[in-house]
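A.B. asks: Sequence:
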Amino acid sequence: MKPPRISGRRFASRMACVGVVAALAAPSAVRAQDSGSIAPAAELKPGGHRVEGLNPSLSVNGNLSITQSDQVVGQLDGVGVLVGIGVLGDLDWIGGKHEITNRLSLSESFARTPALGRFTKNSDLATLESTYTYYFVKWAGAYGRLKFETSVLPTNDVRDSEADYVVTRLDGSTERRNGTSVFRLADPLQPFTAVQSVGMVARALDSDLATITFRLGASGRETFSKGILILNDDDATPEIESVELDNVFQAGFEAIANMGGKLGPKLSYGVEAGLLLPPINNDAADRSAVDLMRKTISAVASYSMLDWLALTYQFRFIDDPQLQDGVQTQNSLLATLQYTLVKKKVIEAEDPLQKAQAEAKAAIDRVTELETSLAESEARRAELEAEIVRARGEAPTPPSDEPTDDETAPETQTEAETETETP
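With this note's numbering, the residue at position 287 of the sequence shown is 334, and numbering never jumps.
These are computed hints drawn from the structure, not numbers from a lab. Don't be surprised by glycine CBs; every beta carbon is placed ideally from N, CA and C. Check before you lean on any hint, since a few could be wrong.
What the hints assert, rightly or not - Derived pair list, reagent style DMTMM-like, types lysine to aspartate or glutamate, alpha-carbon separation capped at 20 Å:
1) 273 to 222
2) 392 to 255
3) 168 to 155
4) 392 to 253
5) 391 to 137
6) 392 to 137
7) 194 to 269
8) 273 to 291
9) 402 to 412
10) 390 to 146
11) 168 to 209
12) 342 to 319
13) 391 to 253
14) 194 to 139
15) 309 to 253
16) 402 to 255
17) 390 to 412
18) 273 to 253
19) 194 to 171
20) 273 to 372
21) 185 to 253
22) 342 to 330
23) 194 to 255
24) 309 to 255
25) 144 to 124
26) 390 to 171
27) 402 to 253
28) 391 to 99
29) 313 to 269
30) 185 to 255
31) 144 to 253
Said to hold, decoys possible - Using C-beta positions, here's what the derived DEER-type ranges look like:
32) 335 to 142: 42 to 52 Å
33) 368 to 218: 17 to 27 Å
34) 360 to 256: 18 to 28 Å
35) 360 to 337: 29 to 39 Å
36) 187 to 282: 49 to 59 Å
Work the whole structure out from these sequences, hints included.
C.D. replies: Right under this line is the structure:
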């Protein structure tokens, strides 16, 4: 590995970026990360429009970035590669007041840097969630939810040179593992989290711009994490310290607020915040439910540059005191190729201006139709009158300027009376 030249002499530099798309992604922490949902771009749903019946969808996405650097100031020479793939499937059903949503998501990414020279896991999350909701009224009802979450692949701490590790077990004993550059932290499908919850749901706002939903109920959560190691390194020692995690069982009260929607035809967003207050737990330190309160925030924003290309930002925050001390955070910004295999049916909201214009056009067309009908009725009336006259054998009397007998009789009588009265 050739170090970069940073002296004052003239240097040559070149950087080539070759790939389907350019991608930026923050590396995920190599520690046990537990439940907390984050929606991929394809998962964002416009609000306000229920589609009755079965409504499936399936999409795949991927991203690839290749960066080559040679004698670039402040960077290592070599080739860096980031590759990722994701799968998202929905199977929803709505019938009257009943609604069932099922969602399966898988997100995997791997990175290779000039410093390591090998591919390592960058992110790894698989989620399966099913929710049943019964609406008493249009905006409120009861729900039941079941969710599973895990990491599919093993998790390792990978370094560019060999290091010594010290492991502190749950019983207080310690182990040493010397001279390794790949240190196993978790096996495949670890940790595995299951969440069950029931309660009430209220939809405060339901539109394309924003759909706001609140959930309040009871929840149980089990995280099977015994044997998983997380790094807890002390910079003052030459070894790298790690500690073993235990299983976590909690039951208590759940509160979730969710907002999502579309800001224009290309920009979608979603934000979710959740709290779990667990008065029932297996905490070895016997801490209070408030001290063990679990807090999660997830957010996603996606801008569709093309039908098959989107720029997506994702954020994830987890504060889970019983599982581990410290806050877990993850940020990622990436350009993603996306292809929809099965497209979800969506009823788009009518634009108010277009709706008014359509109503005005319909009114004008109706007036025109009525005028045409009136003219046809008048013509038919004239035809009927003519038929009646012909049926009676009568011909219409033409108009005449000569006076009738009734009009001339008084004049004749007046002249006769005048002659009689003359002496």
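A.B. asks: Against each hint, give a clear statement of whether it holds in the structure.
C.D. replies: Hint by hint, here is what the structure shows:
{"no.": "1", "hint": "273 to 222", "in the structure": "16 Å, holds"}
{"no.": "2", "hint": "392 to 255", "in the structure": "15 Å, holds"}
{"no.": "3", "hint": "168 to 155", "in the structure": "8 Å, holds"}
{"no.": "4", "hint": "392 to 253", "in the structure": "17 Å, holds"}
{"no.": "5", "hint": "391 to 137", "in the structure": "8 Å, holds"}
{"no.": "6", "hint": "392 to 137", "in the structure": "11 Å, holds"}
{"no.": "7", "hint": "194 to 269", "in the structure": "11 Å, holds"}
{"no.": "8", "hint": "273 to 291", "in the structure": "7 Å, holds"}
{"no.": "9", "hint": "402 to 412", "in the structure": "15 Å, holds"}
{"no.": "10", "hint": "390 to 146", "in the structure": "19 Å, holds"}
{"no.": "11", "hint": "168 to 209", "in the structure": "19 Å, holds"}
{"no.": "12", "hint": "342 to 319", "in the structure": "11 Å, holds"}
{"no.": "13", "hint": "391 to 253", "in the structure": "19 Å, holds"}
{"no.": "14", "hint": "194 to 139", "in the structure": "15 Å, holds"}
{"no.": "15", "hint": "309 to 253", "in the structure": "12 Å, holds"}
{"no.": "16", "hint": "402 to 255", "in the structure": "16 Å, holds"}
{"no.": "17", "hint": "390 to 412", "in the structure": "36 Å, violated"}
{"no.": "18", "hint": "273 to 253", "in the structure": "42 Å, violated"}
{"no.": "19", "hint": "194 to 171", "in the structure": "17 Å, holds"}
{"no.": "20", "hint": "273 to 372", "in the structure": "16 Å, holds"}
{"no.": "21", "hint": "185 to 253", "in the structure": "10 Å, holds"}
{"no.": "22", "hint": "342 to 330", "in the structure": "17 Å, holds"}
{"no.": "23", "hint": "194 to 255", "in the structure": "26 Å, violated"}
{"no.": "24", "hint": "309 to 255", "in the structure": "6 Å, holds"}
{"no.": "25", "hint": "144 to 124", "in the structure": "61 Å, violated"}
{"no.": "26", "hint": "390 to 171", "in the structure": "25 Å, violated"}
{"no.": "27", "hint": "402 to 253", "in the structure": "19 Å, holds"}
{"no.": "28", "hint": "391 to 99", "in the structure": "12 Å, holds"}
{"no.": "29", "hint": "313 to 269", "in the structure": "38 Å, violated"}
{"no.": "30", "hint": "185 to 255", "in the structure": "17 Å, holds"}
{"no.": "31", "hint": "144 to 253", "in the structure": "16 Å, holds"}
{"no.": "32", "hint": "335 to 142: 42 to 52 Å", "in the structure": "44 Å, holds"}
{"no.": "33", "hint": "368 to 218: 17 to 27 Å", "in the structure": "21 Å, holds"}
{"no.": "34", "hint": "360 to 256: 18 to 28 Å", "in the structure": "19 Å, holds"}
{"no.": "35", "hint": "360 to 337: 29 to 39 Å", "in the structure": "32 Å, holds"}
{"no.": "36", "hint": "187 to 282: 49 to 59 Å", "in the structure": "53 Å, holds"}
In the structure shown, a violation is registered for the earlier hints numbered 17, 18, 23, 25, 26 and 29, in ascending order.
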